[in-house]
Every structure is written in C-alpha cells, then in structure tokens.
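**Student:** Sequence:
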Amino acid sequence: MKQKKRRIGKILMVLSVIFFYLPILYMIIFSFNDGKSLTSFTGFSLRWYRHMLDSSDMMEALSTTFSVAVLATIISTIVGTISAIGISKSKKVVRDLMDQVNNLPLMNPEIVTAIGFMLLFITFRVEKGYVTMLLAHIAFCIPYVMLSVMPKIRSLDPNLADAAMDLGATPWQALTKVIVPQITPGIVSGALIAFTMSVDDFIISYFVTGQGVKNLSIMVYTMSKRVNPSINAISTLVVMIITIVLLVINIMPMLASKRKKTDVVRRRRMWIPVTAVCAALVAVICVAQFGGAQNKRPFEGQTLRIYNWGEYVGEHIIQDFEKETGAKVMLENFDSNEQMYIKVANKEAYDILVPSDYMIERLISEGYLQKLDKSKLTCMDKLNKAVKGLPYDPKNEYSVPYFWGTVGIVYDKTKVSEEDLKKEGYNIFLDQKYKGDIYLYDSERDSFMMALKSLGYSMNTSDQGEIDKAYQWLLKCVGTMKPEIVTDEIIDNMAQARKALGLIYSGDATYVMAENPKMGYYLPDSGTNQWSDAMVIPKNAKNVELAHAFINYASDYDGAYDNSSYVGYTSANKKVMEDLHGKGGEFEGIDAYIPRTDNKKDEVFEYNEKTKKIISNLWSKVKIAASNK
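Take the sequence shown: its letters are residues 1 to 629, numbered as in the UniProt record's numbering.
Hints should not be assumed to be uniformly reliable.
[Stated by the list, open to error] Listed next, the in silico BS3-like pairs over lysine-lysine satisfying Cα-Cα at most 27 Å (straight line):
hint, residue 1, residue 2
1, Lys36, Lys583
2, Lys583, Lys395
3, Lys385, Lys574
4, Lys323, Lys542
5, Lys482, Lys376
6, Lys343, Lys612
7, Lys469, Lys482
8, Lys623, Lys482
9, Lys574, Lys323
10, Lys388, Lys574
11, Lys621, Lys482
12, Lys371, Lys542
13, Lys433, Lys423
14, Lys413, Lys323
15, Lys376, Lys542
[To be verified] FRET-style restraints, in silico, Cβ to Cβ:
hint, residue 1, residue 2, range
16, Asp525, Ala349, 42 to 48 Å
17, Met240, Ser627, 23 to 29 Å
18, Gln211, Asp166, 50 to 56 Å
19, Lys621, Leu97, 43 to 49 Å
20, Met380, Ser627, 34 to 40 Å
21, Leu12, Lys612, 20 to 26 Å
22, Thr243, Leu175, 45 to 51 Å
23, Val93, Lys623, 19 to 25 Å
24, Asp463, Leu12, 44 to 50 Å
Just so you know, these hints were derived from the structure itself, not from any lab. Beta carbons are placed, not taken as given, at the ideal position from N, Cα and C, and that holds for glycine.
Throw the hints in and build the complete structure from the sequences for me.
**Tutor:** Right, dumping it as structure tokens:
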C-alpha cells in the first residue's frame with residue numbers, strides 16, 4: 001500500500017512538473033519559429049531574437065527591469081534587515097503592532113497598493129517615471145525581506161549581542177560579525193524574494209510609471225494583446241537569466257561546503273559566484289542600454305514621445321526612423337481610446353498620439369490638439385482619398401490617417417455558408433445552428449454597432465428606444481447563443497478555427513485569413529463601422545518639428561509598407577495598399593485587407609458623451625448577463 005502511494009505521489013509530482021514546465025518549453029520552441037504564428041511552427045529561425053536585439057524599446061525594458069530589480073533588492077534588503085533587527089529589540093506591544101503593519105501590504109490586493117502609490121505621487125506632484133517605479137518596488141519589497149528575516153532573529157539568543165560587547169566588540173561589530181552572520185540565510189532568502197517580486201511585478205509598475213519607462217512585464221502585457229513572436233524571444237531570455245542566477249545561487253553553497261579551507265578563503269571564494277552574477281546582470285543592463293544603433297543625424301539627441309496602440313507599429317520602422325534622423329523614440333502603448341484620453345487630459349506630454357476617429361473628434365472639440373503645419377507635411381498626396389476628409393476632421397487640419405478598415409464577421413468556410421451570411425447578416429449571431437460556436441468582441445461600440453445595424457438603425461443613433469432595442473438584441477444573443485466574449489484572443493483562436501464565426505476588425509481578419517485559407521470575412525449589406533486611426537499632435541507636444549518628420553516617415557512608402565505588412569491593417573498610403581493586395585503582395589486575394597467604400601450604410605463613429613455613457617452601462621449589463629449563463 002505504501003509503495004502504491006509513493007508511486008501515485010511520484011506520478012502526481014511528474015505531472016505537476018510537466019504541467020508547469022511544458023508551457024515554458026512551448027514558449028522557448030516557438031521563440032525560434034520562422035513564421036509569425038504562435039501556434040504553427042514553420043521553420044527554425046533567429047528572426048525574433050534579431051528583432052528583439054534591434055528593438056531599443058525591448059532592450060530598454062530589459063535594462064529597466066533588471067536595474068530596478070537589483071537596486072530595489074539591495075536597498076529593500078538593507079532597510080528590511082535593519083528594521084527587523086530594530087523591531088526585535090522593541091517592546092512586545094510595538095513588535096506585535098509592527099508585525100500587523102508589515103503583514104498588511106502582503107495581504108492587501110496589489111491593485112489597491114498600486115492605486116495608492118499612484119495617488120501619492122499625483123498628490124505630491126511627483127513626475128512618474130523610473131524613480132517612482134524604483135521607490136514603489138523598494139516599498140513593496142521591504143515587507144517580504146522583513147518576513148524572511150524576523151524568524152531567524154527570533155531564533156537567536158536575545159543576549160548574543162550583549163555577550164559580544166562584553167567580550168570587547170563594538171555595537172557595529174556585534175551587529176556585523178555576530179548578528180548578521182547568524183541571520184544570513186534569512187537575509188539571502190528575503191533578497192531572493194525581493195528580486196523575484198520586482199522582476200515579476202506588473203500591476204504596481206503599470207500604475208506608477210510614466211515618460212515611456214516600462215519594465216518587461218508591462219512590455220509583455222502590451223505585446224500579448226496582439227500576435228508578436230518577439231514576446232517568446234524576450235521571455236526566453238528572461239528565463240535563461242533567472243535560471244543562471246538560480247543555478248549559481250544553488251551551486252555556490254555546494255562548492256563552498258566541499259572546500260575545507262580557512263574561513264577567510266571560503267568567504268572570498270563565496271563572493272566569486274555572487275560577483276559573476278552581478279557582473280552578468282550589469283552586462284545585460286549595459287548592453288540593453290547602450291547596445292543599440294548610434295547613427296544619429298538630423299535630429300541629433302532629440303526625443304520623440306509617441307502614444308500608440310499596443311503592437312501597432314512595423315517590425316523595423318522605429319529603428320529605421322532613429323537611424324535616419326538620429327532621434328530617440330519613446331513609444332508607450334494604450335489599450336483603449338479612453339485610457340489614452342485620461343493621460344492626455346491629465347496633461348502628460350506626448351508628441352504624437354494615434355487615436356480613433358470619434359476620439360479625435362472629442363480631442364479637437366476640447367482643445368487638446370494643435371493644427372498641423374501643412375508646410376512641413378509631404379505625405380498628404382500619397383494617401384488614399386477614401387480615408388481623407390472624414391467627418392471627424394473634414395479638412396485634415398489636425399490628423400493624418402494611419403490605418404483604416406471595417407468591422408465584420410470572420411467565419412470558418414467549412415462550418416458557415418455564405419448563403420446564411422447574406423440572408424441573415426449580423427442576425428447570424430442569433431442563429432441556433434451556431435450556438436456555443438461564436439465570439440463576440442468585447443467592445444461596447446462595435447457590439448452595439450452590430451446590434452443596431454442588424455435592426456436597421458444608425459450606429460450613431462441617440463434615440464433611447466433604438467438603443468434599448470439593440471440592448472435587448474444583445475441580451476438575446478448572450479442568453480440563447482452562449483457566446484465567448486473576447487478581445488484580441490480572437491485573432492489566434494480564429495486562425496486555428498476554434499469557433500465558427502466572430503465579430504472582428506478587418507486588419508485582424510487579414511492576419512487570420514493569411515494564416516488559414518479556410519477562413520473568410522463578410523460585411524453585411526446593413527452596414528458597418530468604417531473606422532480610421534490617425535496621427536495627431538497634442539497641444540502640449542514638446543517636439544513638434546520631429547513629430548511632423550515622423551508623420552511623414554510613417555506615411556511614406558517604406559514606413560507605411562513596414563507598418564501595414566507587419567501589423568496586417570490597411571495602410572492609408574494608396575501605393576502600399578495596392579502593392580500589398582496586388583499580385584505577389586503579402587495579402588494577395590485577401591478581401592478583408594481592402595476596406596469597403598461603396599456602401600452608403602457604412603458609417604464613421606461620431607462622438608456623443610451622453611450616448612457613450614448609456615451604451616457603456618448597458619454593455620456592462622450584457623456582460624454580466626453573459627457571465628451568469
């Protein structure tokens with residue numbers, strides 16, 4: 001019986017190890033994938049490692065991660081150890097109180113701590129960036145160090161320090177030569193936890209950073225929103241660094257225990273691996289910080305701050321622009337127009353924003369944008385007429401189109417017939433044939449657009465009755481069809497044909513169809529959202545001339561081609577659009593890439609604050625209803 005239990009225990013242990021390490025192994029394998037897919041291996045290549053090393057953005061994130069982690073670990077370990085020793089010498093009431101105070105940050109939800117730090121920095125008008133991230137990391141690491149050190153201190157003889165001083169030691173010698181050596185395992189344990197917590201942290205870092213400063217967790221989060229295999233390469237690099245550090249730390253005591261030499265020699269030898277680890281980390285930081293290309297020319301030493309959607313730039317455009325101009329580009333990413341608006345409204349300074357149509361309309365009306373200097377723009381004649389002069393900016397006084405497209409239905413041709421699509425349009429999302437086999441996109445605007453268009457209404461309606469009917473349509477959908485409500489997960493999921501159909505942006509459908517020829521894209525005759533994202537310059541931009549230079553570069557053929565071919569969204573550059581969709585082009589024969597322009601029922605979103613709030617509230621109720629099914 002005991003042997004049987006041991007075998008079961010071993011099997012469970014092996015399964016647990018496989019369960020944990022298999023995803024990491026999968027990630028490492030796909031970091032060498034030649035293709036862009038995260039699920040289909042097309043051949044061995046170092047393409048994504050080259051892309052990672054060429055990306056100053058990724059290298060800076062790597063530098064920030066480990067420099068903050070090292071500094072936070074050193075400072076929090078020193079402060080935490082001294083604090084723990086001091087508390088141990090205090091009265092019992094004080095010790096008990098400090099124990100509770102120390103446990104509070106550990107028990108507190110991380111999001112609450114993050115918001116607290118953010119409000120603290122805002123209240124005292126501390127500009128967010130590297131220093132605020134470092135301070136926050138030190139603060140949340142100290143309790144972990146104290147938690148590790150306190151048990152070791154409690155196990156010591158309380159008279160140890162007094163005995164050392166009675167024998168002639170000074171207080172400092174009693175601390176460093178008697179107390180600290182006895183509690184070293186706890187200090188090392190606390191330091192390791194602090195380092196791990198700092199490297200791993202996302203939520204607190206996300207709320208306390210600014211000025212384009214981001215660590216790897218923030219970068220991986222923004223990269224994971226869309227398909228980008230560079231995420232595998234940089235994650236593999238981090239795994240390798242952490243593995244080397246852990247191997248050195250675990251091998252060090254084994255080597256030290258085998259050598260029967262004097263204490264002095266042993267101590268010296270123990271520092272060799274530690275020094276090697278520190279040197280390796282410093283080397284990584286230095287390479288990340290200074291290893292990029294330094295070919296600086298017209299805008300030598302200047303910095304351009306861009307606030308754009310996650311994974312919305314080409315593979316080489318940022319690096320090529322930096323090489324050509326000599327400027328440094330600081331790229332920050334946002335998840336939604338509303339997130340971008342909050343930062344702009346709080347007067348954070350950016351040189352270029354890339355908001356969507358309705359948000360541009362809002363930013364113009366509220367005075368957050370400045371007019372473009374047409375004398376500095378050489379790109380307007382190269383852009384497609386269909387994406388110029390749109391209602392949100394009729395004369396393109398404030399904006400230059402970046403990407404554009406539509407919202408439609410991506411479907412599996414082997415499961416969904418085109419006859420059903422033509423007959424039902426968006427009402428196919430109510431067809432019981434596809435129950436449990438559909439995706440809804442987690443966007444209040446686009447979901448209500450689908451419902452309103454299916455009912456024959458304008459997606460810009462402000463009529464409460466029409467909005468209520470659309471709400472009931474969506475409730476019926478989530479109540480009877482069991483849809484999965486997703487965001488960008490739909491891209492890779494539909495490329496793998498995991499559902500029959502879903503609502504999707506045309507650029508994402510382009511990628512899906514390129515990966516899987518069995519996928520199709522359909523636009524109902526009842527109309528859709530013809531969206532446009534454009535480059536604009538905020539009123540408080542610090543480098544307006546360089547901003548105009550980037551707008552020209554991103555709109556010109558090479559920059560626009562790199563952007564569109566890599567991201568998959570339709571370029572505003574007419575020649576690029578034709579070449580990518582034409583014979584021999586990367587998106588040849590993929591109709592999702594070419595936006596529809598001949599349907600009068602297609603609309604551009606207009607900004608209406610009152611309607612937006614109503615729809616946002618109703619969409620929240622729809623999602624609650626979906627989660628209760």
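**Student:** When you check the alpha-carbon spacing of lysine 623 and lysine 482, does it fall within 27 Å?
**Tutor:** With Cα atoms ~11 Å apart, lysine 623 and lysine 482 stay inside 27 Å; holds.
**Student:** Does 19 to 25 Å hold as the CB distance between valine 93 and lysine 623, or does it fail?
**Tutor:** Given range 19 to 25 Å: violated, Cβ gap about 49 Å.
**Student:** For lysine 583 and lysine 395, compute the direct alpha-carbon distance and say whether it is at most 27 Å.
**Tutor:** Judged against 27 Å, a Cα distance of about 33 Å means the pair is violated.
**Student:** Compare the distance between the alpha carbons of lysine 388 and lysine 574 with 27 Å, and conclude whether the hinted pair is satisfied.
**Tutor:** holds, 11 Å
**Student:** Sort out whether lysine 482 lies within 27 Å of lysine 621, counting only the CA atoms.
**Tutor:** holds, 15 Å
**Student:** Please work out if lysine 469 and lysine 482 have their alpha carbons no farther apart than 27 Å.
**Tutor:** Holds, because 20 Å separates the two Cα atoms, which is no more than 27 Å.
**Student:** Lysine 482 and lysine 376: Cα distance at most 27 Å?
**Tutor:** Outside the cut-off at roughly 52 Å; violated.
**Student:** Look at the Cβ atoms of aspartate 525 and alanine 349 and judge whether their distance stays inside 42 to 48 Å.
**Tutor:** With Cβ atoms ~45 Å apart, the hint holds.
**Student:** Are lysine 343 and lysine 612 close enough, with their CA atoms no more than 27 Å apart?
**Tutor:** Holds: lysine 343 and lysine 612 sit about 19 Å apart, inside 27 Å.
**Student:** Using the C-beta atoms of threonine 243 and leucine 175, is the stated range 45 to 51 Å upheld?
**Tutor:** violated, 35 Å
**Student:** Verify the proposed pairing of lysine 36 with lysine 583, using a straight-line Cα cut of 27 Å.
**Tutor:** Between lysine 36 and lysine 583 the Cα gap is close to 22 Å, so the pair holds against 27 Å.
**Student:** Honestly, do methionine 240 and serine 627 meet the 23 to 29 Å range at C-beta?
**Tutor:** violated, 39 Å
Checked against the numbered hints above, the structure violates hints 2, 5, 14, 17, 20, 21, 22, 23, 24; every other hint is satisfied.
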